[in-house]
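Peer 1: Spelled out from the first residue to the last, the chains are:
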Amino acid sequence: MNKAAEGLGVDQVHVWRGDRHVLKGVSLALRPRQLLHISGPNGTGKTTLLRVVCGLLRPEQGQVSWFGRPISSVRSQYQGALAYASHEPALKGDLTALENLRFAVGLKRRVTAEELRASLERTGVAGCADLPARVLSAGQRRRVALARILSMRASLWLLDEPFTNLDAAGMELTGKLLQSHVREGGAALVVAHHDLDVDVDMRRLDLGP
Amino acid sequence: MSVGVLQAFALIVRRELCLSFRRPDQLLQPLVFFLIVTTLFPLGLNLQLSLLRDMSPGVLWVAALLSSLLSLDSLFKSDADDGTLEQLALSGQDLAVIVVAKTCAHWLVSGAALVLVSPVVGTALGIPTDAFLTMMLSLALGTLTLSWLGAIGAGLTVGLKRGNVLLSLIVLPLAMPLLIFGAGATDRAISGTSAAGALYFLAALCVFTCTLAPFAATTALRITLE
Chain A
1 MNKAAEGLGV
11 DQVHVWRGDR
21 HVLKGVSLAL
31 RPRQLLHISG
41 PNGTGKTTLL
51 RVVCGLLRPE
61 QGQVSWFGRP
71 ISSVRSQYQG
81 ALAYASHEPA
91 LKGDLTALEN
101 LRFAVGLKRR
111 VTAEELRASL
121 ERTGVAGCAD
131 LPARVLSAGQ
141 RRRVALARIL
151 SMRASLWLLD
161 EPFTNLDAAG
171 MELTGKLLQS
181 HVREGGAALV
191 VAHHDLDVDV
201 DMRRLDLGP
Chain B
210 MSVGVLQAFA
220 LIVRRELCLS
230 FRRPDQLLQP
240 LVFFLIVTTL
250 FPLGLNLQLS
260 LLRDMSPGVL
270 WVAALLSSLL
280 SLDSLFKSDA
290 DDGTLEQLAL
300 SGQDLAVIVV
310 AKTCAHWLVS
320 GAALVLVSPV
330 VGTALGIPTD
340 AFLTMMLSLA
350 LGTLTLSWLG
360 AIGAGLTVGL
370 KRGNVLLSLI
380 VLPLAMPLLI
390 FGAGATDRAI
400 SGTSAAGALY
410 FLAALCVFTC
420 TLAPFAATTA
430 LRITLE
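As they're listed, the protein sequences go chains A and B. FYI, in my numbering the residues of the first sequence are 1 to 209. FYI, in my numbering the residues of the second sequence are 210 to 435.
I should point out that these hints are in silico values taken from the structure, not numbers from a laboratory. Since the model is a prediction, treat every value here as computed from it, not as a measurement. A hint or two may mislead.
[Said to hold, decoys possible] Distance windows between CB atoms, simulated:
{"id": "1", "chain 1": "A", "residue 1": "R17", "chain 2": "B", "residue 2": "D303", "range": "22 to 30 Å"}
{"id": "2", "chain 1": "B", "residue 1": "L252", "chain 2": "A", "residue 2": "R110", "range": "51 to 59 Å"}
{"id": "3", "chain 1": "B", "residue 1": "L275", "chain 2": "A", "residue 2": "H194", "range": "30 to 38 Å"}
{"id": "4", "chain 1": "B", "residue 1": "P233", "chain 2": "A", "residue 2": "A169", "range": "36 to 44 Å"}
{"id": "5", "chain 1": "A", "residue 1": "R75", "chain 2": "B", "residue 2": "R371", "range": "28 to 36 Å"}
[To be verified] Covered stretches of chain A (chain B as the covering partner; in silico rule of three or more C-beta atoms under 8 Å from a C-beta of chain B):
{"id": "6", "segment": "24 to 34"}
{"id": "7", "segment": "83 to 93"}
{"id": "8", "segment": "101 to 114"}
[To be verified] Selected chain B positions facing chain A (Cβ under 7 Å, derived; list incomplete):
{"id": "9", "residue": "A219"}
{"id": "10", "residue": "R224"}
{"id": "11", "residue": "R231"}
{"id": "12", "residue": "A289"}
{"id": "13", "residue": "T293"}
{"id": "14", "residue": "Q296"}
{"id": "15", "residue": "V306"}
{"id": "16", "residue": "G372"}
{"id": "17", "residue": "T420"}
{"id": "18", "residue": "E435"}
Even glycine gets a Cβ: it sits at the ideal position worked out from N, Cα and C.
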């Protein structure tokens, strides 16, 4: 537990889904300026682990701690510090990209439209800001979701398959943004199937059988 | 820098209203249903005006309850389907604030809209204009209570594929007192006697659900999110 006191700690987490033992005592520690790459074949509980870490799923055994305290006791503080991107982009099709960001980011921190436009610019979808999300392509939606992560200014990024649907340039961009986030003192937990091309303190956790 | 509870509440209400007005078909569906059902009754029964007046409170209230139920299913479900509910739950705001804001916004576009069109229906059913105020007041209290009961049901059924039938089975039995006292209040107002008793009871039910249902709905939603 002490080794995790500086950041995120996951201690002996067990999760059952029905009678399937999905996570069998997973432990990990993540400090600022670190990136943890979670890999493993399909169905080994990568997404489940990410949902446990962000507090959406309560583990049957074990606990997740943030700076040494269980996340349930520092819930709003912890959630304020994290940015989670599930494998779906989580955008409302009827709202424009900018509105989607405003309503999602606006609950975490006060944010101006210019700031959000700047984030969209950084992820290369500035031109889509005023288009309804339903007309965007899957890759563009992924970029808008990435802009949401950026504008949350969270210290802990939890990304589930952030490279799906992205073109080569998009994958490179995601890698660069991850790298600068970690270099600037952030931490990131990334679930991805292929190798990450980033030059930071990276560890790897393989959830293989 | 952080966002206060009231700002978060206002932001979510704005989000919900914005979403509703982008989908006018879904917004108008319950209202059109309400208008059509109440118009079908007098056409089908070929009643005299006096009989119609006797039946109108019941017809009005049953139609109002059913049309409110139509839109309840999507209260949390549409957000759960596209993953935005998870984002809301992880926003750092208390889940209760999100539930309260979403339910209030839902009432504004369903219940309040129903109250506003009810004079049209009242006229079609032969309800005298003197009784309109009581009718609208009772409908306002009743639909607000129903939105809250529905929020509990919607929270419980959000994880199910076809939850809307179960939702009706959960909510409608709980809505019976609303029907009895709501129709009772409207009936009294039509016959010209004092409807105060029934209205007080409706108001009491409304206060009761508005105080306790947020906790129940939040807990239900939290359980189904896991």
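Peer 1: All the hints need checking, so say for each whether the structure fits it.
Peer 2: Okay, the hints, checked on the actual structure:
1. A/R17 - B/D303: 22 to 30 Å: Given about 28 Å between the Cβ atoms, the range holds.
2. B/L252 - A/R110: 51 to 59 Å: 55 Å, holds
3. B/L275 - A/H194: 30 to 38 Å: 52 Å, violated
4. B/P233 - A/A169: 36 to 44 Å: This hint holds: roughly 38 Å between Cβ atoms.
5. A/R75 - B/R371: 28 to 36 Å: At 33 Å between Cβs, range holds.
6. 24 to 34: Since three or more residues must qualify, the claim that chain B covers the segment 24 to 34 of chain A is violated, with 0 doing so at under 8 Å.
7. 83 to 93: holds (count 8)
8. 101 to 114: It holds: at least three residues are needed, and the segment 101 to 114 of chain A offers 7 whose Cβ sits within less than 8 Å of chain B.
9. A219: 10 Å, violated
10. R224: At about 4 Å, which falls below the 7 Å cut-off, the nearest Cβ of chain A leaves the hint on B/R224 intact, so it holds.
11. R231: 4 Å, holds
12. A289: 11 Å, violated
13. T293: 5 Å, holds
14. Q296: 5 Å, holds
15. V306: 9 Å, violated
16. G372: Cβ of B/G372 sits 20 Å from chain A, so the hint is violated.
17. T420: Hint on B/T420: violated, closest Cβ of chain A at ~23 Å, above 7 Å.
18. E435: Holds - the Cβ of B/E435 comes within 7 Å of chain A, reaching about 6 Å at its closest.
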